[in-house]
Amino acid sequence: MIFEFKNIKLYSNTIIILCVSFYELPFMYAITTKFDVVSCISPLFFFERWQMLFTFIEVYRHFGVTRQSIYISSILTNIMQILQKYEKYGYIELVPWTMLIKEDRDNEIDPNSEMSWRNQETAMNECLFKYKVKISFMHRINLLFYSFSFLIFN
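What the sequence shown shows, in the numbering used here, is residues 95 to 248, in sequence order.
The hints are simulated quantities; they were obtained by calculation from the structure and are not laboratory data. If you're wondering where the values come from, they're calculated on a predicted model, not measured in any experiment. Careful, some of the hints might be misleading.
[Said to hold, decoys possible] DEER-style ranges, computed between Cβ atoms:
no.: 1; residue 1: Thr149; residue 2: Val189; range: 19 to 29 angstroms
no.: 2; residue 1: Thr171; residue 2: Lys128; range: 30 to 40 angstroms
no.: 3; residue 1: Glu118; residue 2: Thr149; range: 20 to 30 angstroms
Ideal Cβ positions, reconstructed from N, Cα and C, are used throughout, including at glycine.
Could you put the whole structure together from the sequences, leaning on the hints where they help?
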């Protein structure tokens with residue numbers, strides 16, 4: 095939980111600290127299953143290129159990627175239904191990924207303006223921290239620009 099505190103100064107040397115509100119943070123455990131090669135795909139936003147998506151899923155499966163973690167912001171319904179079948183058989187992991195919600199109380203602050211496009215770095219770090227204990231090799235993929243790989247010695 096994250097607590098929001100406010101200081102109230104009563105006199106020159108007296109301060110009262112009040113807990114105004116608190117926010118519950120989602121908590122998840124690291125993966126405990128051993129995977130040799132994990133592939134992390136950056137968040138898909140209104141993704142419609144199904145030819146490319148299913149081709150790389152099958153090619154990576156063929157060449158030994160044991161877990162493909164796909165982050166999804168939004169995707170066409172038909173593609174999502176097929177991806178859910180892949181997930182059911184354990185070939186991939188679908189991770190819902192959203193942008194931060196802009197609070198209505200302050201119209202001038204938008205948390206998404208402080209992040210890079212679609213919050214990709216956070217998704218990739220989340221994938222790294224989730225799998226780093228039980229993998230030998232991780233491959234990060236951004237379907238638009240580049241791919242990046244690195245070894246982890248466990």
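**Asked** In ascending order, which of the hints set out earlier in this document are inconsistent with the structure?
**Response** Number 3 only.
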